[in-house]
Amino acid sequence: MGRKKVVSPDVDVEVEDPEEEEILQESIEFFKPTAEKIEEYERELKELLEKIPSDVLEWSWFTVIPEKPRKKEGEE
Amino acid sequence: MGLPVRVNTRSAKIAASTKAILEKSLAYPFTFAISTRNLVFLDFDCRGEFKECYEEAKWIGRALVEQYGSEALIYRTPNGFHLIHKRWLDWKKIQKIIRGFIALIDEGVVQYLDKAHLEASLRRGYLTLRLNQLYLVCRVINVDGEARVYEQ
Numbered sequence: 081m082g083r084k085k086v087v088s089p090d091v092d093v094e095v096e097d098p099e100e101e102e103i104l105q106e107s108i109e110f111f112k113p114t115a116e117k118i119e120e121y122e123r124e125l126k127e128l129l130e131k132i133p134s135d136v137l138e139w140s141w142f143t144v145i146p147e148k149p150r151k152k153e154g155e156e
Numbered sequence: 091m092g093l094p095v096r097v098n099t100r101s102a103k104i105a106a107s108t109k110a111i112l113e114k115s116l117a118y119p120f121t122f123a124i125s126t127r128n129l130v131f132l133d134f135d136c137r138g139e140f141k142e143c144y145e146e147a148k149w150i151g152r153a154l155v156e157q158y159g160s161e162a163l164i165y166r167t168p169n170g171f172h173l174i175h176k177r178w179l180d181w182k183k184i185q186k187i188i189r190g191f192i193a194l195i196d197e198g199v200v201q202y203l204d205k206a207h208l209e210a211s212l213r214r215g216y217l218t219l220r221l222n223q224l225y226l227v228c229r230v231i232n233v234d235g236e237a238r239v240y241e242q
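Keeping their order, the protein sequence lines are chains U and Y.
Count along the first sequence from 1, add 80, and you get the number used in my numbering.
Count along the second sequence from 1, add 90, and you get the number used in my numbering.
To be clear, the hints were calculated from the coordinates, so they are not data collected in a lab.
Treat the hints with care, since some could be wrong.
Within a straight-line C-alpha distance of at most 30 angstroms, the following computed DSSO-like cross-link-like pairs (lysine-lysine) qualify [unchecked claim]: (1) Y/K176 / U/K126; (2) Y/K148 / Y/K182; (3) Y/K103 / U/K117.
All chains should be built: construct the whole structure from the sequences, respecting the hints.
Quick look at the structure:
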């Protein structure tokens, strides 16, 4: 079962091991994505959301997950 | 496989930034998904049997629309189908529906619905669907109390 940590009112991070979370936080401090990359992903997400009705989005939130999760994670 | 990290946010901008940060810092690809505690999100894994799998998705879509009303959307994905039922329900009701589907899978009545996805949803307390490569293939709509399928 994933451990859940709310890092701000708008964002929460789930990891399985506290050590992993520490590594992640250190990595985030060190590696900064380019503005271009963020813009590219904003466009990508906007295109994806065009396929989802707005009333569905109203009762949903965004999750960022590994592209190929382990089978036990239970994602498709 | 890398660390099993997932980040939840209500903001599209934060989701985009987080994906970029995670990919750069952890050096493996991430993808966008949507999560909910108030709608039925189902994932069908076709295992190559797309026709039968689609029939099962439509059957379940009709059952949900007949029982709870509103509308069900069925999307084609690279490995199967996603179903989104657009009826707001509280998490207790959603849990009951998920457990019902797990029982149907165990009985062999339902074959392509992803049991691991349902079990993980119960553990986490919410349902998640990946957003990559979605194509809307049909809508199941309640017309005068009857669920009707409209292919796109």
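Taking the hints in turn, this is what the structure says about them:
Among the hinted pairs, Y/K176 with U/K126 is consistent with the structure: their alpha-carbon atoms are about 20 angstroms apart, no more than 30 angstroms. This hinted pair checks out: Y/K148 and Y/K182 have alpha carbons roughly 24 angstroms apart, not beyond 30 angstroms. With a C-alpha separation of about 12 angstroms, the suggested pair Y/K103 and U/K117 falls inside the 30 angstroms cut-off, and the hint holds.
The structure fails none of the hints (numbered hints given earlier).
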